[in-house]
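**Q** Taken in order, these protein sequences are the chains called A, B and C.
Okay, so the first sequence: first residue is 294 according to my numbering, each after it adds one.
Okay, so the second sequence: first residue is 688 according to my numbering, each after it adds one.
Okay, so the third sequence: first residue is 1084 according to my numbering, each after it adds one.
Keep in mind that the hints were calculated from the coordinates and are not lab data.
Be aware that a few hints might be false.
Ranges of calculated distance between the beta carbons of each label pair, as one might list FRET restraints [claimed, not checked]:
#	chain 1	residue 1	chain 2	residue 2	range
1	C	1267	A	741	23 to 29 Å
2	B	775	A	702	27 to 33 Å
3	B	787	A	568	44 to 50 Å
4	A	590	B	787	46 to 52 Å
5	A	444	C	1557	56 to 62 Å
6	C	1559	A	590	35 to 41 Å
7	A	373	B	707	43 to 49 Å
8	C	1267	A	568	24 to 30 Å
9	C	1461	A	573	21 to 27 Å
10	A	741	C	1184	24 to 30 Å
11	A	476	C	1084	22 to 28 Å
Straight-line distance between alpha carbons at most 25 Å, and here's what the computed BS3-like set of lysine-lysine pairs gives [stated by the list, open to error]:
#	chain 1	residue 1	chain 2	residue 2
12	C	1125	C	1107
13	B	797	A	541
14	C	1215	A	767
Every residue gets a Cβ at the ideal spot worked out from N, C-alpha and C, and that includes glycine.
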Amino acid sequence: MATFMMHMLVCGGTGCRASASDVLYENLKKEIKEQGLQDDVQVVTTGCFGFCEKGPIVKVIPDNTFYVSVEPADAKEIVAEHAVKGRRVKRLLYVDPVNKEQIADSKGMGFYKKQIRIALRNCGLIDPENIEEYLAADGYEAMGKVLAEMTPEEAIQEMVDSGLRGRGGGGFPTGIKWQIASKVAGDQKYVVCNADEGDPGAFMDRSILEGDPHSVLEAMVINGYCIGATKGLIYIRAEYPLAIKRLKIAIDQAREYGLLGTDILGSGFDFDIEIRYGAGAFVCGEETALIHSMEGERGEPTFKPPFPAQSGYLGKPTNVNNVETFANVPVIYNKGAKWFASIGTEKSKGTKVFALAGKINNVGLIEVPMGITLREVIFEIGGGIKDGKNFKAVQTGGPSGGCLTEKHLDTPIDFDNLIDAGSMMGSGGMIVMDEDDCMVAVAKFYLDFTVEESCGKCSPCRIGNKRLYELLEKIAQGKADKEDLDNLRNLSMVIRDTSLCGLGQTSPNPVLSTMDNFMDEYIAHVEKDNCPAGVCKDLIRYEIIPENCVGCTACARNCPVNCIAGERKQLHTIDQSLCIKCGACLEKCKFNAVAII
Amino acid sequence: MTKIKSLADLRKKKEDLQAKIALREKSDSPEGRVLVKVAMATCGIASGSKDVMEYIADELNKRNIDAIVSQTGCMGYCYAEPTIEVTLPGKEPVVYGDVDVKKADEIIEKYIRNQELVDGIIPVNYQTIENNKEE
Amino acid sequence: MIKLTIDNRTVEVEKGTTIYHAAKKLDIDIPTLCYMNLGDLKIEHKPGGCRVCVVEVEGRRNLAPACATECADGMVVQTHSIRVMNARKTVLELILSDHPFDCLICAKSGQCDLQDMAIKMGVRSIPYQGEKSTYKPDFSPAIIRDMDKCIMCRRCETMCNDFQTVGVLSGVNRGFEAVVAPAFERDLDHSECTYCGQCVAVCPTGALTEVDHTTQLVRDLADPEKKVVVQTAPAVRAALGEAFGMEPGTLVTGKMVAALRRLGFDYVFDTDFAADLTIMEEGAELLDRLTRFLEGDKQVKLPMLTSCCPGWVNFFEYHFPDMRDIPSTARSPQQMFGSIAKTYFADTIDTRRDELVVVSVMPCVAKKYECTRDEFKVDGNPDVDYSVSTRELAMLIKRLNMDFNTLPEEDFDKPMGESTGAAVIFGTTGGVIEAAVRTAYEVHTGKTLEKVDFEQLRGIDGIRSASVDFDGTEIKIGIAHGLGHARTLLDDIKAGRSDYHAIEIMACPGGCVGGGGQPLHHGNPDVIKARQKAIYKEDSGKAIRKSHENPDIIKLYEQFLGSPMSEKAHQLLHTHYFDKKRKEVLLD
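Based on the sequences and whatever the hints tell you, model everything.
**A** The following block contains the structure:
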């Protein structure tokens, strides 16, 4: 059995590879062989470390040495010094940007503190279908503590002190919400978990329910105790079958262990939870619409007040919180409000889960402390832009959010800063765009979504969003004039100003924020009939560059409408009248002979 | 299963369970068992983690390797699904990404059997609440 | 009390008052399209959907809907700032951008809230053009749904669901495709619609209208081969004047008769005649059941429910089919009129029934459906050929260029034009039962009433109860108008909680005066109350005020029917009811 004394991990992510990490890998192997260490030191390529700004990365274990910006030529020195003599190569160590100190051990690097997993603490750690694993991970400890040792008032105060704000998008202080619901008198009250996650691209709630369902159940019991509710309802979209299955298992197990039901842990407090299914309407994430949907009514919002805390499910006082919010709750009681409040910014405490997507290397789910900058999220955790392209914008807050640009990259992320910047936190979707994205097309994409998902109750949202979409389409087709741009802005402002619920009040955000930050692109579409990013089909055409074309026929063979003519080894041409602009020719050409004009 | 009837009961239960799981996860003895966790959230399943989990369980059995294979939630590395985490006795857990059946075979043969790292490790880039101490 | 400032003026209002009502106090009119308040009828509809009523509230991020936002102390409101006016106009332009521009030929033209609003806002062009939503038009026997014209005010839903508890109309689909429709977007004809027409009565646009029979009517009037007979329901005379600029509550009986005669009807008769006949039959049935009950007959079904309202009949056939043996079997006055006209009267003028066209003028759209029922046809020929609404009659009078205001007062023709005060009050809630009591009392006790006015049966509350002393026997009477209120009483009967002997039910608010075929009240409940007053005025002015004293009714029994509840009466004046429960609807 081979036992390596040392491992050298070379980052094989796209970013590092672009900086020749593959050559570095080969060089390291060669050097080790030359030194005769092939049985003692193993070289391995890894996935992206997410630290692409300082790539290529080499990590040496067991001593956890973290080398940055390593070039292929450095291989010799690393092997000679580190592997042979056991001395670190100081000049390749990471330098802390704040105190300028060299940091050898990666565990000491700020980079690793950029993600703190609170809501996702058990996701990927425990078996979600086994309550015993949750119990071993301090599960139901918080609930036990609250039921046995705290009065509802004390427990609510703890929540207020923690500074936790609703993670579903609104950012309303959770403790205050509980306080209001606790003070309203009612013979029956309800706790509702909003698991109607609807933002395109956001899936943190699903991941929590799939990976750690008990944390939500535990939080709901605590919430029930605080406000005096004995019934809990989880409103979940039927499109989440796995989450539903695991929730059901979790509820059954919790009942079996006496952690749901009557007289929980001998406290005399009763609480039980039922699951309600939604049909996946985006607007049902709005709490009044959600409640109507649970009541069997049409899922559309009603004017607030009355708030659900006053008159909610079946007209009874109801507290609605979202999944991620609930997932934070047990930790707050276990580790204390003070601990929680020590993370984050002044007005936004704790962490936030983001679903990173788009033109970014590390697509996935991350949990970061509030106050982190977009730059850190995108370029360090997210591993930077794919294929070495340039960053253009990041869309936060789902379809109701806005596009933020280069100038916002160093803004600390929290609820208020994002709104000031013209976007919002939303449920935590984060879609990164690069130079190939057309901002008119982006706005159009989001409007298409809101047009589909509007409930249709109020006129500005029902008709206005449709008209916004049509105006954007007109612009994308090069048929619009400057007056249309004025109309677009006026309409956006009016929809924002007059819509009934949050959906319509925010749906013009993608339009307004792209108009604010990328007006030149709108003007190019309108005045020059030109889509600078080369996305809007009506404004581009594919052409063959004669100097580059070798007549390989690859384009002609792959054209689905046979609109490319040309003999073998002769110049090919595209018949523009037939071309459907699918881009297959561009993709297949190996000689850079097809271009978007 | 008898119901947990009080907070004291709950804490006792937790200690028992923690001991049991610690034994299984952190055993230093050479007989200590290997723990393989497969991320089985929707993202993982959509990328084929079910097949991978089945394969690993079957193969470890066939190859007489004493191991526990369990499922878990999403680790967050959605760009590299399916992901699995392998913990060898006495070692830090290692996460592998883009694990298909072929890769799983390589991990079993090289890493689990011979403790030889295999390409495709995903570096852990987050802190847990346990190691987030007040600075 | 709460003190706030609206348009720089201070106003004090009670807690819970909305900005809309606070502004009203200062005579500031905030325009709305979806809001509706029927005051005493206890229907307030404020979905906050049209967003035309938005106002600026200091310190608020966005504009607030005046109709739904409650006043708060120290609030500062601007109802006509530039921001508000721009938003209001833009929202209106949006609504118009999804509306067909066929105002010239729209049934609601001139009566349309949306049209009025466009005029008021001075809309001259629509900057936001695009796709318009289109739907298949739905033609039922009584109501036409043209949802292209729907602006999603949802008033119809409130009437259908909350007031009538019929539950046919609700919002379906999402976003731009959202529309009000029966479940699964079925036709009204395949739903549990009662055709009460309250949706039509409150629709601000031409999306919901009644089926138009005026073209057919003009053709029949012009046909020399046909003899055209018209009957007019009691509530029509109390509302028709409104269509010609008269104050609500102006009685126009004589002018109406004159107009009908000038339109070319061969015989201008009165449904009131048949209402007297209804009392004879229904009163006899009530007395029969009552006597048997008082004698200890356990089989007899009490309370007896009235059956002259076709919306109500449809309602219990759909929603309470197992209780269909409780209502009186007496046909409605419209149908009694039809069957007598096409038998007794046709004989007197020596005309075949198929040469005779019987037309009714009704405050109602359900009547249009009622005359198509198979049980009211003889060999396929309907007793009443078709029914036109008060609105349609007004339109016809205008079309024929008559100056209604200067028409002389004329009398109905004989014999089916003679009626009593008891018949007139059929037009209001409580009237049918009062008329029945006047006759039943005298028949039962053999005494003459000193005072025929039973004030305890009158009023506008949705559910009322009263008792009448039948010479020592206390008769308990329930009254409901609005099908939601009817449902409450029916549920009580079902649960054995009801001790009424007789119950009167009308589908529409206020009874027929508030019918779905009446001139639009535009959400003003005072209009309905004024019409009700007019009805009682007509009654008190009548020489004869008890149905059994109508000389032509007495003659009808002597010459033709024999006695009330006779075999002939049963055949011509009574009916039976069907179980129309959902199952059947879904199967067909």
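**Q** Tell me, which hint numbers fail for this structure?
**A** 2, 3, 9, 13
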